[in-house]
Every structure is written in C-alpha cells, then in structure tokens.
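When you get a sec, could you build the whole thing from the sequences and use the hints?
If you read the sequences in order, they're chains X and U.
In terms of the numbering used here, the numbers along the first sequence are unbroken and rise by one, the last being 397.
In terms of the numbering used here, the numbers along the second sequence are unbroken and rise by one, the last being 397.
I should point out that these hints are in silico values taken from the structure, not numbers from a laboratory.
None of these values were measured; they are calculated from a predicted model.
Just to be clear, a hint being listed does not mean it is correct.
The list treats identical chains as interchangeable, and a pair is accepted whether it falls inside one copy or across any two copies.
Said to hold, decoys possible - Straight-line distance between alpha carbons at most 20 Å, and here's what the computed SDA-like set of lysine to any residue pairs gives:
# : residue 1 : residue 2
1 : Lys-192   : Met-1
2 : Lys-381   : Phe-342
3 : Lys-158   : Arg-292
4 : Lys-135   : Pro-111
Protein chains: 2
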Amino acid sequence: MKISRRAREVQESPIRKLAGFANDAKGRGIHIYHLNIGQPDIPTPEPFYKSINDFSEKVLAYGPSDGLPELKQAMVDYFSNYNIGLKKEDIVVTVGGSEAISFAFAAIGDPGDEVIVPEPFYTNYNGFATFTGLKVVPVETVAETGFHLPGVAEIEAKITDRTRAIMICSPNNPTGTVFSEDEIRRLGALAKKHDLFLVADEVYKEFTYDGEKHFSILELEGMEDRVIVTDSISKRYSACGARIGAVISRNPEVMQMILKFAQARLCPATLDQVGAIGAYGMPMDYFKGIQREYQKRRDILCDMLTSNKDIVLRKPKGAFYIMAKIPVDDSDIFARWLLESFDFEGETVMVAPGAGFYSTPGKGRSEVRMAYVLETQKLEKAANIFLRGIEEYNSSS
Amino acid sequence: MKISRRAREVQESPIRKLAGFANDAKGRGIHIYHLNIGQPDIPTPEPFYKSINDFSEKVLAYGPSDGLPELKQAMVDYFSNYNIGLKKEDIVVTVGGSEAISFAFAAIGDPGDEVIVPEPFYTNYNGFATFTGLKVVPVETVAETGFHLPGVAEIEAKITDRTRAIMICSPNNPTGTVFSEDEIRRLGALAKKHDLFLVADEVYKEFTYDGEKHFSILELEGMEDRVIVTDSISKRYSACGARIGAVISRNPEVMQMILKFAQARLCPATLDQVGAIGAYGMPMDYFKGIQREYQKRRDILCDMLTSNKDIVLRKPKGAFYIMAKIPVDDSDIFARWLLESFDFEGETVMVAPGAGFYSTPGKGRSEVRMAYVLETQKLEKAANIFLRGIEEYNSSS
Numbered sequence: 001m002k003i004s005r006r007a008r009e010v011q012e013s014p015i016r017k018l019a020g021f022a023n024d025a026k027g028r029g030i031h032i033y034h035l036n037i038g039q040p041d042i043p044t045p046e047p048f049y050k051s052i053n054d055f056s057e058k059v060l061a062y063g064p065s066d067g068l069p070e071l072k073q074a075m076v077d078y079f080s081n082y083n084i085g086l087k088k089e090d091i092v093v094t095v096g097g098s099e100a101i102s103f104a105f106a107a108i109g110d111p112g113d114e115v116i117v118p119e120p121f122y123t124n125y126n127g128f129a130t131f132t133g134l135k136v137v138p139v140e141t142v143a144e145t146g147f148h149l150p151g152v153a154e155i156e157a158k159i160t161d162r163t164r165a166i167m168i169c170s171p172n173n174p175t176g177t178v179f180s181e182d183e184i185r186r187l188g189a190l191a192k193k194h195d196l197f198l199v200a201d202e203v204y205k206e207f208t209y210d211g212e213k214h215f216s217i218l219e220l221e222g223m224e225d226r227v228i229v230t231d232s233i234s235k236r237y238s239a240c241g242a243r244i245g246a247v248i249s250r251n252p253e254v255m256q257m258i259l260k261f262a263q264a265r266l267c268p269a270t271l272d273q274v275g276a277i278g279a280y281g282m283p284m285d286y287f288k289g290i291q292r293e294y295q296k297r298r299d300i301l302c303d304m305l306t307s308n309k310d311i312v313l314r315k316p317k318g319a320f321y322i323m324a325k326i327p328v329d330d331s332d333i334f335a336r337w338l339l340e341s342f343d344f345e346g347e348t349v350m351v352a353p354g355a356g357f358y359s360t361p362g363k364g365r366s367e368v369r370m371a372y373v374l375e376t377q378k379l380e381k382a383a384n385i386f387l388r389g390i391e392e393y394n395s396s397s
Numbered sequence: 001m002k003i004s005r006r007a008r009e010v011q012e013s014p015i016r017k018l019a020g021f022a023n024d025a026k027g028r029g030i031h032i033y034h035l036n037i038g039q040p041d042i043p044t045p046e047p048f049y050k051s052i053n054d055f056s057e058k059v060l061a062y063g064p065s066d067g068l069p070e071l072k073q074a075m076v077d078y079f080s081n082y083n084i085g086l087k088k089e090d091i092v093v094t095v096g097g098s099e100a101i102s103f104a105f106a107a108i109g110d111p112g113d114e115v116i117v118p119e120p121f122y123t124n125y126n127g128f129a130t131f132t133g134l135k136v137v138p139v140e141t142v143a144e145t146g147f148h149l150p151g152v153a154e155i156e157a158k159i160t161d162r163t164r165a166i167m168i169c170s171p172n173n174p175t176g177t178v179f180s181e182d183e184i185r186r187l188g189a190l191a192k193k194h195d196l197f198l199v200a201d202e203v204y205k206e207f208t209y210d211g212e213k214h215f216s217i218l219e220l221e222g223m224e225d226r227v228i229v230t231d232s233i234s235k236r237y238s239a240c241g242a243r244i245g246a247v248i249s250r251n252p253e254v255m256q257m258i259l260k261f262a263q264a265r266l267c268p269a270t271l272d273q274v275g276a277i278g279a280y281g282m283p284m285d286y287f288k289g290i291q292r293e294y295q296k297r298r299d300i301l302c303d304m305l306t307s308n309k310d311i312v313l314r315k316p317k318g319a320f321y322i323m324a325k326i327p328v329d330d331s332d333i334f335a336r337w338l339l340e341s342f343d344f345e346g347e348t349v350m351v352a353p354g355a356g357f358y359s360t361p362g363k364g365r366s367e368v369r370m371a372y373v374l375e376t377q378k379l380e381k382a383a384n385i386f387l388r389g390i391e392e393y394n395s396s397s
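In structure tokens form, the structure reads like this:
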C-alpha cells in the first residue's frame with residue numbers, strides 16, 4: 001500500500017501553508033490584514049444572488065456536461081463586447097478556472113510532456129501539471145523588467161520534442177503584468193513555428209489600468225486551432241466561491257476531447273451557473289467602477305512600497321497583485337515572522353512568499369506577492385505595517 | 001500540435017451518446033421515458049434551498065479547500081448514525097462524488113498502475129482512470145448470480161505488481177447489487193494480504209430494500225489505513241446539480257495528499273455546501289419514505305420485466321438501477337432503435353446500453369441498465385413500452 005509518487009510530488013500550497021501561524025496570531029488577538037490571497041472584497045453583484053433566489057425547480061438536477069446553454073450564450077455575448085467571435089460550441093463551462101486548466105493540460109499532453117510557462121507563475125499550475133503528469137518548464141522573467149517576457153530565443157531554447165504548449169497568464173497572477181499585443185503575437189508565431197498549443201489564463205481580463213487594454217490570444221488570426229483560453233467568473237464578478245469557469249477553443253477536436261472529460265465529471269454546479277447567467281446579464285460598464293477602485297489601490301500600494309528604495313517593483317498594469325523584491329534573504333521566514341513575532345499596534349500583515357511561485361529551486365526567495373484586495377484605508381494601514389515590519393526585521397537580525 | 005493520447009482514449013459517455021437520437025425523437029413529437037440516467041425525480045429537500053436562500057454574505061468567497069467545517073461536522077454526525085466514527089480530519093469535501101474518485105485514484109496510483117473493479121461498473125470510473133493514467137482491471141460478475149462477487153481466487157488472479165487497489169461500488173451502479181458483509185470482509189482480507197487500498201463508492205448508502213443493510217468498508221476493523229470511501233449528496237438528498245461529495249479515509253497520509261489536490265482547485269462551491277449543511281440537518285427518518293418509494297418502483301419494474309421469460313434479472317437489493325440481460329444481440333443498436341424507429345402510442349423509452357459499463361470488449365452487449373427514477377405510474381407505462389419494444393424488435397428482425 002503506497003501513496004502515489006504523483007501525490008507526494010504535488011507542491012503544498014505556498015499561500016495556504018502559513019494558515020496555521022495566522023490562526024495562532026489571531027488566537028493571540030492580533031488583527032491580520034490579508035494580502036496573501038486573491039479574494040476580492042467587492043460585493044458579489046446582486047443579479048448573481050437574485051437569479052439563484054429566483055430558481056424554482058423542485059429537483060436540483062444535473063445540467064449538461066458542457067454547461068447550461070443560457071450560460072454559454074451569455075459568455076458568447078460577453079466576448080462579443082471585445083470583438084471576439086465565439087460560438088457556443090467553442091465553450092465548455094468548468095468548475096472554476098481550476099478545472100479549465102486541468103482539462104486543457106489533460107487534452108494537450110500525456111504524462112512526461114512539457115508546458116513552457118513564464119516564471120513566476122500561479123502556483124497551482126504545478127498542482128494541475130503534477131495531477132495530469134505534465135511537466136512545467138519555466139522561462140525566467142524578473143522584477144527589474146516588470147516581469148515582461150524575455151526575447152524569443154530564450155523561450156525557444158526551452159522547446160524540446162516533449163513540449164506541447166506555451167502557457168501564459170495575462171493579466172498575470174502573481175506579477176500583475178499585462179503582456180502587450182506585441183509579446184502575445186511573438187508567442188503566437190513561436191507556437192506556430194514549433195506546432196505547439198498556446199494556452200492563456202485570462203481570468204483577470206477586466207483588471208487593467210492606466211488605459212491598458214488586454215490583448216487576448218483569441219484575437220490572434222490564422223492560428224485559431226492552437227489557441228486555448230481558461231476563464232473564470234471568480235474575479236470578474238467577485239464570485240470566487242461559485243466555482244464557475246470555462247475552457248474556450250475554436251479547435252473542434254480539442255473541444256470534443258474536453259467534452260469527454262467534462263462528461264466523466266457530469267456537470268458544473270447548476271445553481272452557481274444560474275447565478276453566473278445573472279451576473280453576465282449586467283452591462284459592461286459594471287467593470288468601470290471596479291477598475292477605478294483597483295487602480296487606486298494599486299497606486300497606493302505601489303507608491304507606498306517604493307518609498308523604501310530597497311524594494312524593487314515596477315508598477316504593473318493589471319490583475320490585483322504585485323510581486324515585489326524586498327530586502328530580506330528568505331521571504332518564507334519573513335512572512336512567518338510577520339505572523340509569529342511582529343505586530344504594530346496589535347496588527348500585522350500576511351503575504352505570500354515568492355518562492356512558491358517559482359519552480360526553479362532557490363528563485364523568488366526575496367520576493368513576496370501581495371494582493372490589493374482591501375479597501376484603500378485598510379490597504380494603507382497594511383502597507384505601512386509591512387514597511388515597518390521590513391525595517392524591524394532587518395534591524396533585529 | 002497533437003491532442004494527447006489520454007484524451008483520445010477517454011471513452012465517450014455511453015449514457016450520453018444516444019442524446020442526439022433522443023432529441024430527434026422529441027422533435028418528431030415522441031414522448032420519451034428516461035430510464036437511461038440516474039437523475040432522481042424526488043424533490044430536493046426544502047432545508048437545502050432554504051439554507052441557500054438564507055445565505056447573506058455580501059461576497060461569495062472561497063471556502064476552505066477541504067470544505068466548510070460546518071459541513072464536515074454535519075457529515076461526521078451523519079456517519080455516527082451508522083455507528084461509523086469519523087473525525088473532521090478524515091473528510092475532504094469534493095466537487096461531487098466524481099472529484100472524490102479522481103482524488104482517490106490520483107492519491108493511490110501513478111500512470112500505469114492498476115485498480116481492480118468488478119465489472120460491470122459505473123462507466124465514468126474509466127474516464128477518471130484515463131484522466132489520471134490508471135488502468136481499470138475488470139473482474140467478471142454476471143446477471144445469473146445477481147452480479148455478486150466471484151470467489152476470492154478469481155479476484156486474486158488479477159493482482160499484479162502494478163495493482164494498487166480494489167474498488168467496489170455498493171449499493172452498485174449499474175447493477176443495484178448490495179455486497180454482503182461477508183463479501184466485503186473477504187475483499188478486506190484480500191486487500192490486507194496483498195497490501196492494497198480498498199476503495200468504495202458508497203453514494204447509494206441509503207438506497208437498500210427488503211430490510212437489507214448496507215455494510216460500509218469503513219466498518220472493517222484493523223485496516224482503517226487502507227480504506228477510502230467516495231461519497232456524494234447527489235442521490236442521498238436528490239441534489240445531483242449541487243456537486244457536493246466527499247472523500248473519506250482514516251489514513252492521515254492519504255488525506256494529507258488529497259488535501260494538496262484539493263488546495264490546487266481551491267474549494268468546492270460555497271453556496272452548495274451551505275445547502276448541503278441544511279440537508280444533513282434533517283432527521284434520518286427522511287430516508288424511510290424514500291426507501292419505500294424506491295422499493296415499490298423496483299418491484300414494479302423487476303416484476304414487469306421478468307414477465308418476459310427471456311429477460312435475465314435477479315431483483316437487486318439496492319441503488320435505483322437494474323442491469324437486465326435481454327433477448328437482443330446488440331443493445332446499442334436496440335436502444336437506438338427504440339428512439340429512432342419505435343413508439344407505442346407516441347411514446348418510447350430511453351435505456352443505457354450495457355456495453356458501456358464493461359471494459360472487456362464484447363461484454364454487456366445483450367444487457368441494458370435501467371434507472372427506476374420515475375413515479376410508479378410512469379414507470380409502469382415505461383416498462384410496458386420497453387417490453388413491447390423487445391417483442392416488436394425481435395419479430396421485425
């Protein structure tokens with residue numbers, strides 16, 4: 001009786017592993033500002049809840065494996081606002097963006113196959129890759145260049161005969177970087193040249209600032225068959241607990257395979273899909289207020305942090321994260337110290353240590369990811385406490 | 001750019017592949033009795049919906065990866081009614097029984113490893129096995145013995161150095177068979193002898209008839225560390241669309257590994273967990289009326305079908321399925337014929353062809369699975385139409 005190698009190899013969530021220390025701190029009466037997890041504080045829109053409360057079916061039945069047709073149509077309509085033409089057949093509704101990534105990985109690779117991903121990356125890509133037997137091959141990006149992509153040659157050097165796809169996340173978690181149309185087009189050309197899939201996690205599509213526009217890989221012409229997008233309503237409609245996402249591709253063979261995976265797990269939750277239909281029914285200017293709010297928060301956090309000249313941070317254009325290089329040797333220890341041994345007037349902050357977002361051993365140890373998902377007043381306090389924490393940590397050690 | 005072998009190898013859902021023919025029949029105005037899918041018609045209990053409608057959090061946030069603590073406690077309490085002692089740590093809430101099976105497979109085996117399963121079996125085990133790279137190794141059971149387990153030697157003969165687990169489903173989908181305490185104990189001893197995990201899908205636990213009691217593998221003494229149960233509220237509380245299940249084991253290492261998979265996909269849907277807490281709050285005698293109703297249905301369907309002496313069927317003691325051997329050569333063709341070319345007074349029936357529940361090629365071709373999930377009057381009509389269908393099919397061919 002042996003636990004599988006796969007299970008042993010799955011990385012423990014670097015975001016969640018500090019949870020015990022956080023609970024201990026709370027037990028001591030310390031208030032914690034949570035900058036460690038991408039849980040927005042924006043209320044879930046009323047139409048989401050209203051649709052669910054209006055649901056009147058006596059039996060909460062299985063829905064279609066590919067999602068409720070009304071929700072798929074709502075998603076098609078949503079994308080048409082961005083001049084992205086999709087058909088319902090190009091979409092399978094998934095259990096959050098998480099399942100969309102799992103399905104995409106399982107469809108494009110067999111155990112031992114490789115997916116090239118710019119590093120740092122959303123840590124759960126590792127989990128899904130291990131689960132499906134794929135190998136994430138990292139390409140280095142660095143704080144000093146705002147985590148933008150390196151030259152094509154550097155990415156091309158990572159391609160082997162086991163490479164099946166290049167995957168990006170834009171706007172990026174954990175860096176907030178929005179890859180430019182030019183960067184995306186270069187990746188597209190590279191995918192085409194080496195006959196690879198191009199996968200993009202675009203769940204932060206609305207979260208762009210300073211007038212920056214998100215360029216979707218679905219906008220690339222002439223390579224529709226190699227493009228797969230993983231999507232979610234978690235951030236878009238502040239409905240993380242709904243677990244509604246989608247995998248999107250115009251390649252009918254890919255979608256047919258993904259439909260088979262979808263059939264095996266029967267369907268996504270029916271009520272949450274009903275809620276999502278309500279949310280997608282809102283006009284697109286719903287996002288404007290949210291963009292303004294997050295841009296304000298980003299400015300506060302970035303401006304305060306860069307008041308410390310030893311923090312390396314280029315103000316990113318999207319998502320609601322920053323990845324900051326800070327003057328500590330090991331941010332795992334520092335993040336734990338913030339919870340265990342530090343407070344300012346009874347309060348402290350929780351951040352996500354950087355190493356967990358890298359698969360290259362030793363990288364990211366002087367970085368932390370911070371999510372600006374708190375209202376501005378709280379965020380200012382949190383940033384202040386964080387800066388004081390760095391000072392005290394460095395003067396005491 | 002290649003689709004993965006895994007994706008190509010995933011079996012198309014044999015239950016869902018007739019859907020197109022059913023739609024065509026409906027288009028011609030034919031009414032279809034659906035005996036093909038295990039979607040109960042019992043109303044989802046009021047406390048489920050009420051808990052959801054009472055939910056008043058402004059932000060529908062991520063829950064804990066292992067499930068809401070209140071739901072885990074409700075599950076612990078539920079099992080205590082069966083004198084099965086569990087701790088909250090023994091449970092990870094999953095996205096339906098489906099994800100519970102995926103997690104169990106991923107935790108106990110690596111690509112190429114084998115799981116022994118009595119055949120016929122719930123067809124999606126194949127999907128989850130292919131997804132995780134495992135191989136389902138079937139052990140034959142037959143209609144003539146009510147699909148009970150063969151002797152231990154026959155099962156033992158299937159064990160190789162890649163075997164990681166024996167998996168059963170009891171009460172069984174698709175056969176309705178409830179494995180006896182004695183059968184379960186023999187499996188337990190075999191698992192122990194060969195150092196294997198014993199996995200059981202027990203989602204039909206309440207659905208036992210004629211006073212038959214379900215014996216859970218959680219009741220086996222002295223091998224708590226090798227027992228894994230996959231569970232779900234889909235059938236228990238007629239909430240298939242909620243997608244709430246659980247994986248249960250008293251082996252802390254197994255649960256720690258499964259928690260890592262759970263963390264990668266963040267959490268199950270929050271609102272549906274809230275609904276499940278409401279449902280679990282009902283007294284246990286909720287199940288009595290449901291048992292009576294299903295027992296009545298089972299008797300009607302079995303008694304009517306066995307009026308045809310060419311149908312082989314031993315009245316099963318559980319779940320809400322029967323697997324009947326019928327006098328046709330190829331039930332795939334027959335099931336399609338029922339939809340395409342047959343009706344009785346403008347009505348026909350949809351059944352699940354047997355072959356899809358077997359992994360051994362050629363087996364199950366003269367069997368069909370029927371789910372008695374219709375109220376008695378409709379069920380009588382459906383059975384009558386099915387019997388007429390067999391007669392007409394055999395006289396015309």
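Hints, verified against the model:
1. Lys-192 - Met-1: between (45 Å within a copy, 9 Å between copies)
2. Lys-381 - Phe-342: For Lys-381 and Phe-342, the Cα distance is within 20 Å only inside one copy (15 Å; across copies 73 Å).
3. Lys-158 - Arg-292: Answer is neither; intra-copy 39 Å and inter-copy 63 Å both fail.
4. Lys-135 - Pro-111: both (8 Å within a copy, 14 Å between copies)
In this structure, only the earlier hint numbered 3 is contradicted, and the remaining ones agree with it.
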